[in-house]
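Student: Knowing the structure of chain A, use the given hints to seat chains B and C on it.
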Amino acid sequence: MTLSILNISWQTLADGLELGAIYALMAVGIGLVFGVLRLVNFAYGQLVMAGGFALALASQWGWPVWAGIVLCFAVVLALSIAMDVLVFRPLRGHSPAVMLVATFAVAFLLQSIALLWFGSLGKIATSLAFLNRPWAISGVDIRKIAIVAVAVAIVCLLLLQLLLERTSIGLHMRAASMDFATSRMLGVRASRVISFAVLLSGALAAVVAVMLTVQSPLVTPDFALRDTIVVLAGVVVGGLNRLVPATLGGFAIGFATGVLGGALPTNQSQYLPTFVFAAVIVVLLVRPRGLFDFRRTVERV
Amino acid sequence: MRGVPVRSHLEELLGPVALVVGAALLGTLVSISTQTYFTDTLVKVAIVVALYVFIGNSGVLSFGHISFVALGAWTAGVLTVPPAEKPAIMPNLAHFLLHRHVGNVTSLVLAAVAGGIGAFVVGIPLMRLSGLAAGIATFAVLEITHNLLQYEERIGPGLNAFSSVPETTGLRQAAIGAVICVVVAAVYARSRFGRLLRATREDAAAARAVGASIYRQRLLAFTVSGCLAGLAGGLYVHLLPVQIDSVYLDLTFLTLAMLVVGGATSLLGAVVGALAINALDSWLSVAENGTSLFGWHINLPSGTAEIVIGIVMAAILILKPSGLTGGRELRLPRLPRLRPRVS
Amino acid sequence: MLTVENLDVRYGSVHAVRRLSFGVAPGEIVGLIGPNGAGKSSTLHAIVGLAPATGSVRLHDRELLGRKPEDVARSGVALVPEGRRIFAELTVEENLRLGLAGRAHRGRPDFSSVYELFPVVREFRARQAGALSGGQQQQLAIARALVGEPEVLLLDEPSLGLAPSVVDVVFGALVAIKERGLAVLLVEQRAQRTVAVADRSHVLANGELQLTLGPADAGDTEKLVAAYLS
Chain A
1 MTLSILNISW QTLADGLELG AIYALMAVGI GLVFGVLRLV NFAYGQLVMA
51 GGFALALASQ WGWPVWAGIV LCFAVVLALS IAMDVLVFRP LRGHSPAVML
101 VATFAVAFLL QSIALLWFGS LGKIATSLAF LNRPWAISGV DIRKIAIVAV
151 AVAIVCLLLL QLLLERTSIG LHMRAASMDF ATSRMLGVRA SRVISFAVLL
201 SGALAAVVAV MLTVQSPLVT PDFALRDTIV VLAGVVVGGL NRLVPATLGG
251 FAIGFATGVL GGALPTNQSQ YLPTFVFAAV IVVLLVRPRG LFDFRRTVER
301 V
Chain B
1 MRGVPVRSHL EELLGPVALV VGAALLGTLV SISTQTYFTD TLVKVAIVVA
51 LYVFIGNSGV LSFGHISFVA LGAWTAGVLT VPPAEKPAIM PNLAHFLLHR
101 HVGNVTSLVL AAVAGGIGAF VVGIPLMRLS GLAAGIATFA VLEITHNLLQ
151 YEERIGPGLN AFSSVPETTG LRQAAIGAVI CVVVAAVYAR SRFGRLLRAT
201 REDAAAARAV GASIYRQRLL AFTVSGCLAG LAGGLYVHLL PVQIDSVYLD
251 LTFLTLAMLV VGGATSLLGA VVGALAINAL DSWLSVAENG TSLFGWHINL
301 PSGTAEIVIG IVMAAILILK PSGLTGGREL RLPRLPRLRP RVS
Chain C
1 MLTVENLDVR YGSVHAVRRL SFGVAPGEIV GLIGPNGAGK SSTLHAIVGL
51 APATGSVRLH DRELLGRKPE DVARSGVALV PEGRRIFAEL TVEENLRLGL
101 AGRAHRGRPD FSSVYELFPV VREFRARQAG ALSGGQQQQL AIARALVGEP
151 EVLLLDEPSL GLAPSVVDVV FGALVAIKER GLAVLLVEQR AQRTVAVADR
201 SHVLANGELQ LTLGPADAGD TEKLVAAYLS
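Residue numbers (this note's numbering), protein chains in the order written: chain A, 1 to 301; chain B, 1 to 343; chain C, 1 to 230.
Check the hints yourself; a few may be wrong.
[Stated by the list, open to error] Partial chain B-side listing against chain A, Cβ under 8 angstroms, derived:
(1) LEU61
(2) ARG128
(3) GLY135
[Stated by the list, open to error] Pulled from the structure, derived: some chain A residues nowhere near chain B, Cβ distances all over 12 angstroms:
(4) PRO90
(5) THR126
(6) GLN215
(7) LEU218
These are calculated hints, taken from the structure and not from any lab test.
Positions of the beta carbon are idealized from the N, C-alpha and C atoms, including for glycine.
Isolated chain A (complex conformation) (with noise of 0.2 angstroms):
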């Protein structure tokens, strides 16, 4: 069964709602650490490719799946702590040119460490390759993983949102994000915001990890590193100053990606990157606070 305009199968469209899913978490990722420390982490990806390496790893090793996610989890989770008590603390209050190249410098490390360990094969982690069988709904196949990928983000998302508007230290992440200095002022702990916001971001990185392994289990250097590029000019497009926007962004640039890439023929499709970008040039020139940003007050990136 296909629908007619376009060419898109319901196969397709799934591919599309689990890609748009899976970005709106990196989104998500992105935009929390962004919230609170105005800083770009364009080594996002690598977290995500650390997360991927320990799931091939502890494939490799013949653990069991529940372990490998746990390993996943601690060496995300660790990484991102390291990155901000190495990099992002100590930057905090320079020039944002200078935030984004230490960023760009840390992914390239961070990718070249990768490349020394383990080769530019990579490695191939296999522990969740069931969820990549179709499920026969009504006569269609539909892969499995594209259903759990976007019932985790829905819970990831709803979840997340409990704890940003419930919570003290949800309160307080989300002053710290639109006004750091009067925050303190009010006795919210500066560190402790951050390093919640970082722990989250990370967190939320390694289900990314887990969920990616699955439709591309060969896990390389650059893994991600495509996807990291193409979630930040969707939170761009989206708007990158608040969540909501951001996420927005994530997840409509995945879900275009994702079915265009399936739609087009290859002869259109390869030239995606290309619209993709322009999109962003332009959007960042007529309505730099993001597509989905309909705030009224004004608040400066």
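Tutor: Frame of chain A; chains B and C shown alone:
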């Protein structure tokens, strides 16, 4: 340039040119195989100087300059591959390019022109942006260029490497090219335009008050730096077989690292950074194949070079963001007056 | 008891505050008045740790100078900053909850004492803070500073941009606050009203304490003018 002593013009030019010429001379003393490292270094100097012209003077970050290097490389490459060889590496080349062939110097000039035009066209919309937005937008330009050049086989080799390009960039051509870039950069920086742009970098409001148009000055700097980047791309394609991924993220990172480590706001910094980092990178690459240092045999695992460069860059950014030169130009010590003042 | 001794604030080559000494006891309002650039705001910023300073700032016996802003807040010193600096996108109640950031508390927070002082804050507690008027936002800012039950309340030009009737409300609340036993340090440009409501008012000019006025001097405008011009 009225009112500024000639001496300080020369001083600012002296340091960078001396370093470039010195590196070139050093290159003549080593074996032919080692010479390629020096030649490669000089081409990188040209690229980093191009980056300085825009980033150093405007204070705006650009991740997209390697696009103009790529444009220059593509232009010079496509026009100098011998027509007999073209169908082999560029089977889908557009008809009007198939039989065009130009000489070495012409190809370099056209490469510079291509880079300049590309920068001008891109700069018209983008120069209104600053800070994070500019960084992301220029990154998008890099991605678009990469995507287009990668798949568009009517204007270049697409995914293939530019083999069969005459290898005219030896030590001398690279050195001349680097010196040209340095001189142009110095002339621009000392000119009224360069000074106006630097004023906007320091205090945008005040600069506007004296009539500087930030947009126009940035566009000018962007275009000039695009020209220089294009020239460097031309030099590059005549040095080794350029492939689309060698003018993409890795080169962007490396050249930005060189600029930042040297000191983003000075021409001397650009040259120092390029020489220092590439020297380090070259030495590490050699060490990866086995070398000896002070009698100790060193054999580094492959890939160490990038890690060390990355650590050095991150360390300098965190510890001394203004770079090795502190963003300053070379100043010679003043000689004491030989004749007493006439009262 | 807040004691400031030989406070010196420098921003690079600018000497904003010179050897300033004064005290604020519980249950009193002390005013800091003076022309623009006199160093009044810098004094407040130095007390809470937002400006580089030397000298001594003690709350009872504890030295506050040199501590991070969040630590000073947790010690019981609350600042109502110039321009209010409320969080426009959060609700009024969330703004109040932020005031508790400096204090550990259990269960539902109790804002009743603050609502008593500022009924308008209770009325709008579910609304977005950005929707409030200037005067209401000022009351919210003070309320937010009070929820953490501080011992010392610092206010930086609370009457700025407010209509006289609203200023009445705010200054009236300050009297009620002092009667609850807090030490209140009030920085203002409206000299007359400040001198009238404060137990003591210090006149600052060029970073130095020039003169101290009492409530009785509120009507004596000539003395005030002389103090400003000196």
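Student: For every hint, state whether the structure bears it out.
Tutor: Evaluated hints:
1. LEU61: holds, 4 angstroms
2. ARG128: Check passed: Cβ of ARG128 of chain B comes within 7 angstroms of chain A, closer than 8 angstroms.
3. GLY135: holds, 5 angstroms
4. PRO90: violated, 5 angstroms
5. THR126: holds, 26 angstroms
6. GLN215: Given that every Cβ of chain B is farther than 12 angstroms from that of GLN215 of chain A, nearest at about 22 angstroms, it holds.
7. LEU218: holds, 19 angstroms
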